[in-house]
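**Q** Chain by chain, the residues:
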Amino acid sequence: MRKIKIDKYHLYELFSPLLGVVAAIIVLLLIGIAVGESPGSILKAIHRFTMSTSGRLATVFSVAIPLFLSGLAVSIAFQAGVFNIGVEGQYFIGGLVGALAGIYLPLPRVIHIPVVVICAMLGGALWAAIPAALKIGKGVHEVITTIMFNNIALALVNYLVNGPLSGRGEESLEAQTFHIRDTAVFGKLNHWFRALGWNIPNHVFMDYSLIIAIIMGILVWILLFRLRYGFEIRAVGTSIDVSEYAGIRVKRIQLAAFLLSGALAGLIGLQEIFAIRGFYTYEIAPGLGFDGIAIALIGRNSPLGVVFASILFAFLRQAGYGLQLYTSVPLAITFVISGVMILFIVVINEVVTRYIRAQRKKEAA
Amino acid sequence: MDASIIVDFLFKGLEMSCPIAFAALGGVFSEKSGVINIALEGFLIVTAFCVVWGATAFHTIWMGLVFALIAGVVMSLIHAVATITFRVNQIVSGVAINILAVGVSRFLSERVFGQETQTAINPFLFPTVMGISSFAFALIPITGIAWFVLYKTVFGLRLRTVGENPEAADTLGIKVYVMRFAGVMLSGLMVGFAGATLFPTKWVNGMTGGRGFIALACMIFGRWHPIGAVLAALLFGYADTFRIMFETQIPIPSQFVMMIPYVLAVVVLAGMVGRARPPASDGIPYEPGE
Chain F
0 MRKIKIDKYH LYELFSPLLG VVAAIIVLLL IGIAVGESPG SILKAIHRFT
50 MSTSGRLATV FSVAIPLFLS GLAVSIAFQA GVFNIGVEGQ YFIGGLVGAL
100 AGIYLPLPRV IHIPVVVICA MLGGALWAAI PAALKIGKGV HEVITTIMFN
150 NIALALVNYL VNGPLSGRGE ESLEAQTFHI RDTAVFGKLN HWFRALGWNI
200 PNHVFMDYSL IIAIIMGILV WILLFRLRYG FEIRAVGTSI DVSEYAGIRV
250 KRIQLAAFLL SGALAGLIGL QEIFAIRGFY TYEIAPGLGF DGIAIALIGR
300 NSPLGVVFAS ILFAFLRQAG YGLQLYTSVP LAITFVISGV MILFIVVINE
350 VVTRYIRAQR KKEAA
Chain H
0 MDASIIVDFL FKGLEMSCPI AFAALGGVFS EKSGVINIAL EGFLIVTAFC
50 VVWGATAFHT IWMGLVFALI AGVVMSLIHA VATITFRVNQ IVSGVAINIL
100 AVGVSRFLSE RVFGQETQTA INPFLFPTVM GISSFAFALI PITGIAWFVL
150 YKTVFGLRLR TVGENPEAAD TLGIKVYVMR FAGVMLSGLM VGFAGATLFP
200 TKWVNGMTGG RGFIALACMI FGRWHPIGAV LAALLFGYAD TFRIMFETQI
250 PIPSQFVMMI PYVLAVVVLA GMVGRARPPA SDGIPYEPGE
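Protein chains in written order, with numbering that gives the first Met the number 0: chain F, 0 to 364; chain H, 0 to 289.
Hints were generated in silico from the structure; no laboratory data involved. C-beta atoms are modelled at their ideal positions from N, C-alpha and C, and glycine is treated no differently. Hints may be right or wrong, so weigh each one.
Stated by the list, open to error - If you only want the chain H side, here are some residues facing chain F, beta carbon under 7 Å, derived:
no., residue
1, I98
2, R105
3, N204
4, Y261
Kindly produce the complete structure, drawing on both the sequences and the hints.
**A** Right, dumping it as structure tokens:
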């Protein structure tokens, strides 16, 4: 049996993100005090809105589903050294392509949902394709092109939903498409959880997107840590020069990771479109793509890390609503805390890495 | 079309270009010193709010400008400490600051004006000249000064050296950290000007509309040169002005017109490759040898 040696430095590295979270909570409490709320009332408000009932707790997990997919999408690109800020635009387009398949294709239920999922992935990958090609072919930095493509996607979707694809009926003033066919609507899994003893109320969306998220998480984990291809992705992300020297086709790997990232991004909007709303609008939860960047960073780009980070973010988001509802702390605090938390996590991470390096040097000497 | 419309277009375009141009100058200062700054957007969100805050609090736009400049520098200090002192990944720090900025501006808006998503209307504005804010004309001398500082002063030479080859600069006795702090803080200062020219009548959540990111593209467009960056910004500003002024007369849907600057940016960037070269140590944290 392989002996697993856990040295204390690994533990330091593992726990440094937690320190960042703790620091962010302290900042939250300090701001709360400045606004005139006691730490007790803040913590009580957070607890009440996130954990006090099984419905509230389940909502945190439900909100975490698209956040997880977003973090997963960003992280696979990160693993290959690609900075995909375009997840935002990719899920707008991916969601639209998926929705079109859900609206216009008459298919039996068994095939319809997989088709919709595949279409959404293709749409996301398609929107990633041009920035990817420009990066690989011409060396144009992806940070700029993907930001531009986010704006282009938003305008394009805005046009399509208001124009050729508009299904605006009398009941809605909001620009939207026609409704998704019944055969493609995502059902809920709440009764499964009830059978397992977790009583999730019906208004909480524990829908098929949870299954999609779990499958994708496992597939990405297998790809990254069990397949040669995934090893090559990680090698490229670690050092392009060394990878090239080792004979890895860096450009091809980065292209694949970029497209894969786009494909995963295409799935982010599915919960909102196919379970919650039942139609597509260009107002589907904006900002998820940027949350994904933070989640990938906090989760250190590993699928398991992203699981925890996305639940943390979902918790934070719900906590923000709780604070808005029960205290005088404004909702904006969610953004402040997210930003502060990322900064703390990366700074503490740097400090810890440096400390470990210095200690190792001392030990070696 | 009569001449007055054309004159109007020329001046309005200058005003529209200002926020992007100042932010692009900010990008140039930061990246010339070797620090990638994708937090320009975040800086702009906060400075745009602080202009309105300062102006309404002190009943003069000049205090608004002072607030914006201070806010820009304070925000840039966060980026500088994270990336230069702690050597955090510069893009990561930028992403975090962009999120933080949304929170800070909304939080302050709620505290000061009682509403998270918008402020009260600010009646204290720069005097208008030819129908536009007179402060827009400051773009021309400030661009000149930026160019002079970067290319004609010892400080500028040191700043650029630190961005190209920090090891050599260090050997020559230039304090790399100090120069990089200066570069990043100057970028905050520039975004302070940008905030002051971004519709100081009122702050609305989301009003920056990605101008900070456009400014980044302009900086690359302008090959990291202050004058080039400002010219690129004018291109975007005039394209936007054209859309707003002639929207009703253009036969294609407005959303497509809205896309033009972004598509243009991608096309030009794609065509520019090989000719645009960032400062050699742009994005690489400097670690002094032991």
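**Q** Take the hints in turn and mark each one as holding or not.
**A** Evaluated hints:
no., hint, verdict
1, I98, "holds (4 Å)"
2, R105, "holds (3 Å)"
3, N204, "violated (9 Å)"
4, Y261, "holds (4 Å)"
Hint compliance for this structure: hint 3 alone is broken.
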